[in-house]
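Protein chains in written order, with this note's numbering: chain A, 121 to 460; chain B, 16 to 345; chain C, -4 to 391.
Capping the alpha-carbon separation at 25 Å, the derived lysine-lysine pairs in PhoX-like fashion look like this:
(1) B:Lys54 to B:Lys192
(2) B:Lys192 to B:Lys78
(3) B:Lys84 to B:Lys40
(4) C:Lys10 to C:Lys30
(5) C:Lys108 to C:Lys94
(6) B:Lys103 to B:Lys192
(7) C:Lys30 to C:Lys11
(8) A:Lys329 to B:Lys288
(9) B:Lys291 to A:Lys329
(10) C:Lys94 to C:Lys170
(11) C:Lys158 to C:Lys108
(12) B:Lys288 to A:Lys387
(13) A:Lys387 to B:Lys218
(14) B:Lys218 to B:Lys261
(15) C:Lys108 to C:Lys96
(16) B:Lys261 to A:Lys387
(17) B:Lys84 to B:Lys54
(18) B:Lys291 to A:Lys387
These aren't lab readings, by the way, just hints derived from the structure by calculation.
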Amino acid sequence: MGRPLISVRDLTLQFDTDEGRITAVNRVSFDIAPGEVMGLVGESGSGKSVTAKSLMQLNARNAVYGPDSRIILNLEDREIDVLALKSPADLLVIRGGAISMVFQEPMASFAPALTIGSQMIETLMIHLKISKAEAKDTAIDMLARVGIADASSRFNQYVFELSGGMRQRAMIAMALSTKPKLLIADEPTTALDVTIQAQVLELMQDLVKEFHMGILFITHDLGVIAQTADHIAVMYLGELVETGSTRTVIHHPRHPYTRGLLNAIPKLDELDAPLVAVPGDIPSPLERPSGCVFHTRCSEVIEGRCAAEEPEMKPVDKDHDVACFAVELADAGRAENTAP
Amino acid sequence: MSESIVSIRDLSVHFPITGGWFGPKLVVRALDDIDLEIKRGQFFGLVGESGSGKTTLGRAILKAAPISKGEIIFHDGEREFDVNNLAKQDVLAFRRQAQLIFQDPYAALSPRMTVRDIIAEPLEVMKLTQSKDETNQRVRDIASECRLNVEHLRRFPHAFSGGQRQRISIARALVAKPSFLVADESVAALDVSIQADILNLLKSLQQEHGFTFFFISHDLSVVAHVCDVVAVMYLGRLVEMAPSRKLFSRQRHPYTAALLSAIPSLDPDHHHKAIKLEGEIPSPLSPPPGCRFHTRCSFARDRCRVEKPEWRTIDDEHFVACHFADELDL
Amino acid sequence: MAMTEDALPTAREAKKKEAYFTASQYQLVWARFRKNRSALIAGSILMFFILIAVFAEFVAPYEPTKAGFDRSYLNGPPQLPLFWDDNGFSLRPFVYTYKQKRDENFHLIFDVKKELDQRRYLEFFVEGWEYHLINTYVDLPGEGLDFRLTVLPMNRHLFGVDKGKVHLFGTDRQKKDLFSRVVFAIRISLSIGAIGVFIAFVLALAIGGTAGYYGGWTDRITQMITDAVRVVPTIPLFMAMAAFVPAEWSSEARFFFISMILGLVGWPTLARRIRTHILAERSQDYILASHLCGARPSHIIRRHLLPSFTSYIIVDLVISFPYMVLSETALSFVGLGLKDPVNSLGVLLQNVTDVDVMLNYQWYFIPLPIFVVIVMSFVFVGDGLRDAADPYTVHK
Chain A
121 MGRPLISVRD LTLQFDTDEG RITAVNRVSF DIAPGEVMGL VGESGSGKSV
171 TAKSLMQLNA RNAVYGPDSR IILNLEDREI DVLALKSPAD LLVIRGGAIS
221 MVFQEPMASF APALTIGSQM IETLMIHLKI SKAEAKDTAI DMLARVGIAD
271 ASSRFNQYVF ELSGGMRQRA MIAMALSTKP KLLIADEPTT ALDVTIQAQV
321 LELMQDLVKE FHMGILFITH DLGVIAQTAD HIAVMYLGEL VETGSTRTVI
371 HHPRHPYTRG LLNAIPKLDE LDAPLVAVPG DIPSPLERPS GCVFHTRCSE
421 VIEGRCAAEE PEMKPVDKDH DVACFAVELA DAGRAENTAP
Chain B
16 MSESIVSIRD LSVHFPITGG WFGPKLVVRA LDDIDLEIKR GQFFGLVGES
66 GSGKTTLGRA ILKAAPISKG EIIFHDGERE FDVNNLAKQD VLAFRRQAQL
116 IFQDPYAALS PRMTVRDIIA EPLEVMKLTQ SKDETNQRVR DIASECRLNV
166 EHLRRFPHAF SGGQRQRISI ARALVAKPSF LVADESVAAL DVSIQADILN
216 LLKSLQQEHG FTFFFISHDL SVVAHVCDVV AVMYLGRLVE MAPSRKLFSR
266 QRHPYTAALL SAIPSLDPDH HHKAIKLEGE IPSPLSPPPG CRFHTRCSFA
316 RDRCRVEKPE WRTIDDEHFV ACHFADELDL
Chain C
-4 MAMTEDALPT AREAKKKEAY FTASQYQLVW ARFRKNRSAL IAGSILMFFI
46 LIAVFAEFVA PYEPTKAGFD RSYLNGPPQL PLFWDDNGFS LRPFVYTYKQ
96 KRDENFHLIF DVKKELDQRR YLEFFVEGWE YHLINTYVDL PGEGLDFRLT
146 VLPMNRHLFG VDKGKVHLFG TDRQKKDLFS RVVFAIRISL SIGAIGVFIA
196 FVLALAIGGT AGYYGGWTDR ITQMITDAVR VVPTIPLFMA MAAFVPAEWS
246 SEARFFFISM ILGLVGWPTL ARRIRTHILA ERSQDYILAS HLCGARPSHI
296 IRRHLLPSFT SYIIVDLVIS FPYMVLSETA LSFVGLGLKD PVNSLGVLLQ
346 NVTDVDVMLN YQWYFIPLPI FVVIVMSFVF VGDGLRDAAD PYTVHK
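Given these sequences and hints, build the entire structure.
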């Protein structure tokens, strides 16, 4: 790959709550190359949002990182150990500087009582050492780049004066104005209508090409990921179950959860296929299953093993890793059968 | 029987918004000139984006939204109910027949009542049972049909997950044996794996009991899989309606085509370019004149800007509201 | 589709979980309240004082009025019971004998007799002055409204002494036992607070509830009225109303009037809170679901709305209580509230403003820390309840 833009190794995150210590993320590792879109897919409780927030150290104060967790951000001139940063001045580089974030609910990320322009200027002046006039020009330029017509008058408007799609574009403009190397997009189009979603997704793809930045795209919508991401990482209850290139994972899913997820999605080109649900319910984080976290709902569970041991991520193909004992067993069997 | 269970004629629903004591009187034109027949036993899908008025239509049929113009007639097989002019003694009879399943499984259940009480409430309010035992029996029956563990009926909603709560909502809606069920975005808040489960449950319940299902959603893929007939709405008006297979194989209205093409395909190799819809969805406070879609339609012509398109049959059971639907090859 | 039960839970864990799943709203609130150490302690202290107030006649060894005075003990210091002194150890607590006499300068001094034979032993559940367990006498202006209700005559008291009288808190210048007076004062202060809160609550529920439920014009007009009443500054209002009380009214009548004033001034804040609660709950989906079953407004209010804000209302009531008690104490302290012989803690505190008292009879201050502890206990319990009150906000 060359040097990855950001490298996450063995990220483990627990929260200290009234009910005890809850594991939100368990030994998650992945890399994002510069200019690559990595899709982080999962349902509720999968830990995808919390993982993303860890990259910017945005988790709540009762978050406890595992001792081996490492997040390394590789910038042109230096390497930054994200989890080791302490002082606000140091944290500035990962919060809005080299890493920027776009949220699901744009109404919540703009302050309602300030104009969009003033907030964009504030961001720019904190991170880049430029004057207020320069910041204003940059901001208006960015607003136009994301497809907001009449950017100079929109600059002086408040967030409630904009429609949903425009708010999201404005948030993208604000996030990109500091020219970050990595953009984290946490469910950016989930709250948008599908026709607006198509516009915003197209915009993001154009911007990736133009700015050559990496995107960590978090969503539960596999269709969106299939069209925008180069690589996919599938998470379930805080664990990574399958990673690989988008094409490979979607066409040849190996992990039972990924397969179950793909079967449960209604597809427009297969209207006659029945919707197959994944049996059971997602366990609450307070009742984390032992061993492989998916074993309670898995159709290919191996008696005794899956409940006792945690599977490791192992490569099953080129650019395709899976954490599953059943898959290991099947591959070993196949290897035996084809051995001379 | 394929006669209509709900006949909607010329329906308009407008909500006034007052700007304070002396401000301008604005009107949200949520629905305008809706003509619709819903046939008995259908699994009817209503699709639209925000501002389309789909939720308002569902509520209007259930007499939970005020009707400004037009009429909604509910045929229960024996008699007719004029939803807008229900006599006081008929209200309960109507309510028994038509129920609603909500979107948010967390807000739809009273957190302070046990699940048994929640499901039993319609029976008790409408006085449909003679004794407590009969109520309990009916609650148990519908709960097990919705695949809820009857042991858990004495628990409170906080003990259940989103998918389970939605089943409780469904059980509550079905316990009075209605003939018409409105599901307002009932799977939108659920995870994909649970969503499939609930959809399968709804389909099997419908096959078992034969009620008519009015399924409101913004998600076309979901609607495509479960519904027999699909209607598409845009900014308070119906734009197209057809049997589901027909609609998805060939669309006659530019908006429907754009909507379908905007859905990202699950196949990474299948890169179709979404039909670009310029601009934003206009506000229902001031919808465009003529055809409401003309501001974003790539086929718009002068006639579209002034004349409202008629809701007409273009093919067998296929309705559309577009001046040029016959000529367009979408 | 049952809840996923994997790692076989032990029977105890399963029972605990089931208890959580079937816990009603009140059980959940209580479970959370119990985790709050300071609130629990404050709650026990409060219960202790409430019991004293309810059983005042039993706890007090002597009558707090002129009838219980001790002619040989004027302005006497507290007599503390001891278990041990130079003369030896005693299982039963005892007090010394105090003889009052005048010295060369005609000042009253106390001669403490500590001899063994001068010990007076404390006894418990002694017989003493007569009282009724329930004794209500309401003497309002006019003849028609008076009534008296007496039930169960008793004459047992918590403690007493074999010879003479024992004064744990000393006596005042009218030779009345301060301990007994304090016990009855606690009762008066707490009951005035309770009545005031009750009146405020009834008004707030009626007014705030209607405004919240019906909305629209009803809401707008009631809001205007509520705001108008709220805006009036309380202290001048209190003083004005209190000053209008005719002097010839009996002390009980005065008592009721003061509590009514407290209620009438206190309802707007509570009304606004109730209105807000109802407005928020009214638009919830489950209310609409009930409406779509054909439920009438009375059913919706009773079954859904009222339970939804009962816990908040209880919190509001408990938090309002100390304000009521404080207001009454302040009024009485400046002489505008209750007057002798109906004593509240405020009336008792009136006596401490004398310089003579501050120099020589410091035990007159004893009601002060008691008052502070009572108010603080209410505040802690109220805070604890407020923190525990909404067990449903944490979901998903």
